[in-house]
Amino acid sequence: MEKPLAHESLEVPLTQRKGFRVRWPRMRTTLRIKITLPFLILAFAMAAGAAYIVTQIVFDTVDERYTNSLVASGRLVSEAVVKREKSLLSSMRQYLFTEGLAETLQDRDVEKLSKLVYYLAISQGEEVVEFLDTDGNLVLSLRQVGESEPRQYELAEERAVDYKNLDFVQKVLAGEVDEQGDKFSGLAYSPDGDILYVAGPVFDPSGELAGVALVGKTLPSLIKELHDATQAEITFYDRNGQTLLSTFREPPT
175 MEKPLAHESL EVPLTQRKGF RVRWPRMRTT LRIKITLPFL ILAFAMAAGA
225 AYIVTQIVFD TVDERYTNSL VASGRLVSEA VVKREKSLLS SMRQYLFTEG
275 LAETLQDRDV EKLSKLVYYL AISQGEEVVE FLDTDGNLVL SLRQVGESEP
325 RQYELAEERA VDYKNLDFVQ KVLAGEVDEQ GDKFSGLAYS PDGDILYVAG
375 PVFDPSGELA GVALVGKTLP SLIKELHDAT QAEITFYDRN GQTLLSTFRE
425 PPT
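Here this note's numbering runs 174 ahead of the position in the sequence shown, where the first position is 1.
Some hints here could point you the wrong way.
As a list, the in silico PhoX-like pairs of lysine-lysine whose alpha-carbon atoms are at most 25 Å apart [as the list claims (entries may be wrong)]: (1) Lys391 / Lys345; (2) Lys345 / Lys257; (3) Lys260 / Lys357; (4) Lys260 / Lys338; (5) Lys345 / Lys260; (6) Lys391 / Lys257; (7) Lys391 / Lys260; (8) Lys391 / Lys357; (9) Lys260 / Lys398; (10) Lys398 / Lys257; (11) Lys286 / Lys338; (12) Lys357 / Lys338; (13) Lys257 / Lys357; (14) Lys345 / Lys357; (15) Lys289 / Lys391; (16) Lys338 / Lys391.
Restraint ranges, calculated between C-beta atoms of paired labels, are given here [what the hints assert, rightly or not]: (17) Glu273 / Leu329: 17 to 23 Å; (18) Gln416 / Gln268: 32 to 38 Å; (19) Ser380 / Arg249: 40 to 46 Å; (20) Asp309 / Gln354: 20 to 26 Å; (21) Ser395 / Thr229: 44 to 50 Å; (22) Pro324 / Glu382: 32 to 38 Å; (23) Gly248 / Ala219: 40 to 46 Å; (24) Pro324 / Thr229: 55 to 61 Å; (25) Lys338 / Glu407: 34 to 40 Å; (26) Asn339 / Val319: 25 to 31 Å; (27) Gly248 / Ser395: 17 to 23 Å; (28) Ser380 / Arg282: 17 to 23 Å; (29) Gly248 / Gln416: 17 to 23 Å; (30) Arg267 / Thr417: 30 to 36 Å.
Keep in mind the hints are simulated off the structure, nothing from the lab. All C-beta atoms, glycine included, are put in the ideal place defined by N, C-alpha and C.
Whenever a hint applies, use it, and build me the whole structure from the sequences.
Structural data, given as structure tokens:
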């Protein structure tokens, strides 16, 4: 038997509408905003585009200037090396025209040879001056000691350089001549420091080869000279890409 309810039941009429939507209050925009907003968006878009273009132009210009600076520095260094090589060649020619040089070299008279070339070396100021016989053996070597004035040279009859196996010395001994003449340049590796040489033949009065004259500059002094002249960071590599000397603390390989 059902118990009576404590209160009268409420009758809730069922609605026949299955769906309904919420009506939000309308946002009224003024005519001024309707006109201004598209132009404002367009202005922001144009400003962003202009900023991007200007940024690209600036960075491209900086990169281009940096690249051009490197190219110009490289050209200056190359020209400075050629100029230094010509200076060595000019100095060597003065030795070749020294009276009595060929005969003294043929006689291997070290004392007389020293007297002939010592003061000329001082006046020219080249770092290295050396003379070989017709077999490529060292007869006399003059190498500058320090940077004091007046210049002083160390004289020696032996150096830790295998002169006869240097390709540019072999060309001079073989009497080779190219479009530049009978003088050749090259690099010699030495425990005392690598040296850039210019080599030329010494002929006696009859035109016979009496020996070879070498005038050179050490790589440390050369790279310092080039760095001071161009204010560029410089690295010397050999033909295999191995670093010889650099103004960088950690030169790139």
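### Task
Given the hint that Lys338 pairs with Lys391, test it: the Cα-Cα distance must not exceed 25 Å.
Distance of about 19 Å is within 25 Å: holds.
### Message
Between the alpha carbons of Lys345 and Lys357, is the straight-line distance 25 Å or under?
### Response
holds, 9 Å
#### Entry: Range agreement (Cβ of Gln268 with Cβ of Gln416, hint 32 to 38 Å)
Since Gln416 and Gln268 have Cβ atoms about 35 Å apart, the given range 32 to 38 Å holds.
### Query
Straight-line Cα separation of Lys345 and Lys257 no greater than 25 Å?
Since the Cα atoms of Lys345 and Lys257 sit roughly 22 Å apart, the hinted pair holds (cutoff 25 Å).
### Query
Holds or violated: Lys289 with Lys391, Cα cutoff 25 Å?
holds, 22 Å
### Query
Do Pro324 and Glu382 keep their Cβ atoms within the hinted range of 32 to 38 Å?
With a Cβ separation near 36 Å, Pro324 and Glu382 satisfy 32 to 38 Å, so the hint holds.
### Query
Do Ser380 and Arg282 keep their Cβ atoms within the hinted range of 17 to 23 Å?
This hint holds: roughly 18 Å between Cβ atoms.
### Range hint 44 to 50 Å (beta carbons of Ser395 and Thr229) holds or violated
Distance hint for Ser395, Thr229 holds at roughly 45 Å.
### Query
If you draw a straight line from the CA of Lys345 to the CA of Lys260, is it 25 Å or shorter?
holds, 19 Å
#### Entry: Holds or violated: Lys260 to Lys398, with C-alpha atoms at most 25 Å apart
Satisfied, since the Cα-Cα distance of roughly 18 Å is no more than 25 Å.
### Message
Against the range 40 to 46 Å, how does the distance between the Cβ atoms of Ser380 and Arg249 compare: consistent or not?
### Response
Holds, at about 45 Å.
### Task
Given the hint that Lys391 pairs with Lys357, test it: the Cα-Cα distance must not exceed 25 Å.
holds, 16 Å
Hint violations for this structure: none, all hints satisfied.
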